[in-house]
Amino acid sequence: MNDLDRTLAALADPTRRGVVELLRKKPRRAGDLAAALAMSGPAMSRHLRVLRTTGLVEEDHQGDDARVRVYRLRQEPFGALRRWLDEVEAFWTRELQAFKDYAERTRGKARR
Amino acid sequence: MSDHPARSAPAGDCATVTVFVAVAPDVAFEVFTREVDLWWKQGPRYRIAGRRRGLLHFEPGVGGRLFESFETDSGSPTFEVGRITAWEPPARLEFEWRGVNFRPNEKTVVEVRFAASREGTLVTVQHRGWSTLPTDHPARHGLVGPAFSRMIGMWWGELMSSLREHVGRSS
Numbered sequence: 007m008n009d010l011d012r013t014l015a016a017l018a019d020p021t022r023r024g025v026v027e028l029l030r031k032k033p034r035r036a037g038d039l040a041a042a043l044a045m046s047g048p049a050m051s052r053h054l055r056v057l058r059t060t061g062l063v064e065e066d067h068q069g070d071d072a073r074v075r076v077y078r079l080r081q082e083p084f085g086a087l088r089r090w091l092d093e094v095e096a097f098w099t100r101e102l103q104a105f106k107d108y109a110e111r112t113r114g115k116a117r118r
Numbered sequence: 058m059s060d061h062p063a064r065s066a067p068a069g070d071c072a073t074v075t076v077f078v079a080v081a082p083d084v085a086f087e088v089f090t091r092e093v094d095l096w097w098k099q100g101p102r103y104r105i106a107g108r109r110r111g112l113l114h115f116e117p118g119v120g121g122r123l124f125e126s127f128e129t130d131s132g133s134p135t136f137e138v139g140r141i142t143a144w145e146p147p148a149r150l151e152f153e154w155r156g157v158n159f160r161p162n163e164k165t166v167v168e169v170r171f172a173a174s175r176e177g178t179l180v181t182v183q184h185r186g187w188s189t190l191p192t193d194h195p196a197r198h199g200l201v202g203p204a205f206s207r208m209i210g211m212w213w214g215e216l217m218s219s220l221r222e223h224v225g226r227s228s
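Chain order of the listed sequences is D and F.
The numbering used here puts the first residue of the first sequence at 7, with every later residue one more than the last.
The numbering used here puts the first residue of the second sequence at 58, with every later residue one more than the last.
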């Protein structure tokens, strides 16, 4: 498997997509993630382990308190996924521009 | 907001593109579906038919097909891109998307939303489900340029980067 395979495999699970969505906003503790997604601590730990081994998230200390551990997103693995989605979005960008041009030419009112 | 199609930040395995069209939502839905063959880009990079005479068609309603048919010396083969899974004019359309090298049980999903806006319609295409393809799928290897073109079933890949830059500059 290459990096994109691993990224997509990790994101195939809806709970892990939920974790990534939450971490996009800010780093969070494992307990907060479990509560936000209504999961048990052990179940969340298993998902976090998958995300950690694929390099999508990393564990870090919060501030000076070594007892408080938070999870944060790593940007690097998302690069391959971003490039892939760029290709898909470029395709639809061309098609939607063609759709817009055709719809406005045949049905549109006079443009400003 | 730009009048040109705009892309948003990635969420999961979802590609999203939005465009403003200066027609009402019901008209946009009608044109998008019933006249798809008239606006979908022509040529070998966008259609399986390539330069042959071909037709791209939505069969209206849930369970209908999006298919491309074309003429060859030996007949008129049809390629089914996918089945329609939501047909909710004027607001929403959803259909399966299979590339030419997908196995029968493999598919991605395209959802199109039509939202009234500024005396026109915001049309948003969301193409998702890439993570559901098996890890040995050809779509999951190589992944850019020609490999991507083979995956999505179109022949347009090698020009994509320069086209995208062109779109980006003109917006």
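For the record, the hints were derived by calculation from the structure and aren't laboratory data.
Every residue, glycine too, gets a C-beta built ideally from N, C-alpha and C.
It is possible that some hints are incorrect.
Said to hold, decoys possible - On the chain D side, residues computed to face chain F include the following (Cβ under 8 Å):
| # | residue |
| --- | --- |
| 1 | L54 |
| 2 | V56 |
| 3 | E95 |
| 4 | T99 |
| 5 | F105 |
| 6 | Y108 |
| 7 | E110 |
| 8 | K115 |
Status of each hint after checking the structure:
{"no.": "1", "hint": "L54", "result": "violated (17 Å)"}
{"no.": "2", "hint": "V56", "result": "violated (13 Å)"}
{"no.": "3", "hint": "E95", "result": "holds (5 Å)"}
{"no.": "4", "hint": "T99", "result": "holds (4 Å)"}
{"no.": "5", "hint": "F105", "result": "holds (5 Å)"}
{"no.": "6", "hint": "Y108", "result": "holds (4 Å)"}
{"no.": "7", "hint": "E110", "result": "holds (5 Å)"}
{"no.": "8", "hint": "K115", "result": "holds (7 Å)"}
The structure is inconsistent with the numbered hints 1 and 2, although it conforms to all the rest.
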